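One-letter residues, chain by chain:
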Amino acid sequence: MKRANLVSWCIAFVVALILPFLVSDYWLHSLISGLFYVLMASSWNLIAGYTGQVSFAHAAFAGIGCYTSGILAVKFGIPPFFGILTGIILAALLSLTLGALCIRMGGIYLSLTTLGFSEIVRIIIQNEYKITRGTMGLKVPFLFGNYSKITAFYIMLAAVVLVLVGIYFVLKSDLGLQFRAVQNDEIAAASVGVPVVFVRLTAFVMAGSLAALAGGLYGHYLLLITPHIPSLDTMFLVLAMTVIGGMGTMAGPVVGALFLEILSEYIRVYGEFHVLVFAIVAMIFARFFPQGIVGFMGNLIKQKT
Amino acid sequence: MLLLELNEVSKSFGGVKALENVTAEVQEGEIVGLIGPNGAGKTTLFNVIAGVIKCDRGKVKFAGKDITKYPTHKISTLGIGRTFQIVRPFATMSCLENVLVALSISEKSRSKNERIEKAQELLETVGLAEKEQTPAGNLNLIDKKRLELARALATNPRLLLLDEVIGGLNSYEVGEAIALIDKLRKNFKLTILWIEHVMKAIMQLSDRILVLDQGKLICEGTPEEVSHDARVIRAYLGDSSASSS
Amino acid sequence: MVDLLLYLTNGIVMGTSYALCALGVALVVGVMRVINFAHGEFYVLAGYLSATFASALHLGIFPSIAMSILCVFFVGLVVERFLIRPTYGNEMYSLIITFILYIIVENLYLFIFGPYPQKPPNWVSGSQNLFGLFYYGNQRLVSFVTAALLISIFLVVLHKTWLGRVIRAVAIDREMASLLGVNPTRINFFSFGLGCVLAGAAGIVLTPIFPVVPTVGVGISLTAFVVVVLGGMDSFLGAVVGGLILGIVENLGVAYISSGYKHLFGFVILILVLFLKPTGLFGHRQFQ
Amino acid sequence: MKRNWLKGFFVLSVSVLMLFSGALIFQSWAAEETIKIGVVGPRTGTAAATGKAFQEGIELALDRINKAGGVLGKKLEVIFEDTAGDPAKAASAIEKLITHDKVVMVVGESHSSAALAEIDVANRLKVPFIIAEAWHDDITKKNYKYVFRAGPCNSGVVNGYILGFIKDYGFKKVAIVAENTDWGLGIKELAEKGLKKAGITYTSLVTERKSQDHYAELNKIKKFGPDLILAFVYGFGVHYFIAQANEVGIVPQTALILEGAGPPSLWPEFWKTVGDAGNLELFVSRMHPAVTFTKVAKEFREAYKKKFHKPPTDYKSRSIFDVLLIAADALNRAGSTNPDKIVEALENTNLTVSSGVVRFGTTKGTYAYHQWQPPMLIIQWQDRKQVVVYPKDVATGKLRKQ
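Protein chains in written order, with this note's numbering: chain U, 1 to 305; chain A, 1 to 245; chain D, 1 to 288; chain G, 1 to 402.
There could be a bad hint or two in this list.
What the hints assert, rightly or not - Going by beta-carbon spacing under 10 Å, a handful of chain A positions derived as facing chain U:
id	residue
1	Ile80
2	Phe84
3	Glu97
4	Leu100
5	Asn170
6	Ser171
7	Val174
8	Gly175
9	Ile178
To be clear, the hints were calculated from the coordinates, so they are not data collected in a lab. On a predicted model such as this, the values are computed, not experimentally measured, just so you know. Positions of the beta carbon are idealized from the N, C-alpha and C atoms, including for glycine.
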């Protein structure tokens, strides 16, 4: 990483560290949601941006994370920390199974299978209301100790930092190189020996587990989990954030997630129509600036210098 | 030593027979040309050897091993490298990274710096040393072909499949390319199977030539023999409009 | 026994409209290799338009249907021209674009038509005693007959006319088709519009029974995807058979397993098919 | 590629800066000129019509309260936040009202699941919350200090009205259809218990609020052969249910249907969807033009007609009107916006609103704590006219079975 970039990320981190002391409770809530989406978008970017497969099950894996942990906590009194861990493992196993089923068959099939899977998860959660409380929402305990937004913020921030650093090292490694090769051209990648299916599966499992982590943390922060987390609406937000920020870049999902979260606070007055605004912005980006904000700004600055 | 062995390989696409009972051999150290009119099934044959397409019947053996059912990446690691007729570089990655991808598999045990050194060497060999940081998508066609060559070499192949590497070059460049291939063959101790439309090149460089027509192997022999074979002449003349391009 | 007959009847009636809608997906996938996530939104559009034309403009049932179909066709063409065409050859890109399109359109409906259900007047009212065993809504029967008729017309056009041959040629082999002198871009353009019309036709047929709300589109799309995967992505016959199977399975599932899981059965089928026979029941090719 | 990182960070830091300057400005704006009360309720989603009714009720209440001098000498302002009927959205909506808009009280809500999520937030942040139309017993059974309900609860509706109606009119076989939400499941359980005790045969089905095709479920009901169907389904789902029940020959051919919530039978889409199948349908309501519980009810009706040029239909506009009057009254008597003083004032409420005289229960331990059950009506559509058929002392006509 270039020195300037490292410095930039560090400044961002320090700013984030002192933020809770500068803003109101209400904005803190938005920030925590923002961090949740940073986790979601960054991990989805691993599969979509770096290996070129559109998975629609990302929100479903977040749902598996939060419901596993939530149910364990409510029914068996298991502390959220272990619950989230269980959720991650479950999500990893499920994504492994799902990925093994369909990744070898190529793009459209992965998208359709993950779509089907995500609907199955949603339908089961809605119908097994005796366990999940369905659309009524499951009340779960806080991450640990007494409810505190500041605690939640720092835990979320720690997770974001760890995940971003982790993703950074993965991308720097051979695996990351192979991710990008696969995304560029899977036949060419295979012809130089890259095990395409394995590489994609790895990305898929990594993304799924990270989504479960994000979902678990967020659920225990919200104290109430509903089928809204594993819904296509959440999936859309994650997709829109990644596309708007810039797919296939480290900073893209982070920028996109925070940008949309902030935007949503400013256009909240328009109620339900903020989704419409997001979608239109996302469409403009997808259609005219497929490299997203990050890529677009990069080009601008490149042109100037 | 027998390196590649094709035994009655057949493949059809929805009723159209792309390959029909193709049986052929390539000896270690040979350079074998594969020619034939457009649509004769040359690229399909390459895809079958490389494992991108699975044949319907028949067997492909490499260095004594039956690789018919192997996945592409495994065939690559066994020692078959290839380039593509329509170039397929990793467009968003730099030239160096393109080669490093291959090295990350073939030179797993080496350190990162050693790999970078090797990649730079390979790029230099094909004449891309100055462009190692350029995104592959920004290269011109010739350079893309060079890059594919470097990338294929990075897999440490014993057999190299070259699909029209010379096509689209002017006569001066063709000369250069022939020299390069010859050099590579010697330096890397390669066996080469190549598809080419530029007759001059293929006649000049090949030890042996295979001729495909409508999925069938119609002739096999030295350049001399092939160029006088009646079946070959008929195949080309019968399809002159397509092959003259 | 009587129960079973009722469930089968209902399954076939619903399945026929699934098939009608799924034919549109099969057409667009077959010709363009594009999964249109917003497919169901055209169903909803046709539903809203037919309701609006009938109630607000006081048009008769049939003029409003004709006008709605025409509108859906043109909207489809516009979408193809400005959103789908730039994505040719990159199926991931088209998937992302159409997914965003679905969200935009769904929210536009909310904005324009409000959250309340809307329906055109029933074509017929009352119900019929079928086989002397149970009562069945007349509108459902009429919708079923209409859907079946439309499917037959589509299949006849596809197999007996020049246009159908061209479409099938492009679907089977694009390069060969372009060698035959067909302009694939124009065929794409037209096929997408036609695909939207098929979704719209399903909407016209079903909205008198199930009024439309802005959010039903995605369910329609998902059902259609299940049907085409089940039937085989490149098979039109597969879409018809797949639709019927799904309709019947859903109804039997609701009857004998659980009504809450109605939509689950389809997705379980989807995953099973992908696992056991990725080409579907009647398909030949896998899409890469 | 590498450059992107730098640009990314640039954008990131600019947006973060924007966010916080924005946040600070927003906070300083919050200097108050008015007394704010928050309203929570669904403005979008399947029950968006409730939001519309609430909006009308809010406007009328504001007119009335502010004309009478507002609260604590200031003008009353209402901020109406959408919950979309979703518990998670509801929780964040009420949190936003309290922490961001600094409302002194919150009123409203018409979904039990949403209310059950909201009361936790209200109680944690210590802001008094008066529920208007979420019926689940648990809402007040939790005995939260800051949570009140000036509206029906499941126990009150089932034991006080529905069971009495069934017994008095001699229904013998009852089918229950309930949606899978807190309200639906809760009221279903109470109804089952009551029917069992009364020795009436019943069967029950759970359905999805949004589902459209009910043929399979109706077939099961038909085989059971009830003479009354209790439908605890809120939203448009119940319309489809009635229309299809008519098609398969149940309603009103062999059984009557009692819709257990009310407003869906009053929405304008009702007749469009069900057509003639809606004749003889029964529903629970709190409002009928011929039944005026108090003087305020009459005033409400007149004000409504004047403002909206039509008679009031959805009774939830009056429910929200009532709770806003209760809230304003409590604030004025508390003499401050201190939450504990407001709670104390609420506990001593003795106010005439349109549905009756409000007095909250104060004995802990049951759902009656902080609860006031308004009188209810069971109304039948007879040739598109509302006829009150229960309780019999206020009935305006006879129940028609055929």
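Here is what the structure says about each hint:
The interface hint given for Ile80(A) holds, since its Cβ lies 9 Å from the closest Cβ of chain U, which is under the 10 Å cut-off. The criterion of a C-beta within 10 Å of any C-beta in chain U is met by Phe84(A), whose closest approach is roughly 7 Å, and the hint holds. Look at Glu97(A): its Cβ gets to within about 6 Å of chain U, closer than 10 Å, so that hint holds up. With 10 Å as the threshold, the beta carbon of Leu100(A) comes within range of chain U, its nearest partner Cβ sitting at about 6 Å, so the hint holds.
This hint is violated: Asn170(A) has a C-beta 26 Å from the nearest C-beta of chain U, more than the 10 Å allowed. Annotation: Ser171(A) was flagged as interfacial toward chain U, and the flag is violated, the nearest CB pair being 29 Å apart, outside 10 Å. The criterion of a C-beta within 10 Å of any C-beta in chain U is not met by Val174(A), whose closest approach is roughly 24 Å, and the hint is violated. The closest approach between the C-beta of Gly175(A) and any C-beta of chain U is roughly 28 Å, which is over the 10 Å cut-off, so the hint fails.
Of the supplied interface hints, the one on Ile178(A) is violated, with its beta-carbon coming no nearer than about 24 Å to a beta-carbon of chain U, more than 10 Å.
Going through the hint list in order, the structure does not satisfy hints 5, 6, 7, 8, 9.
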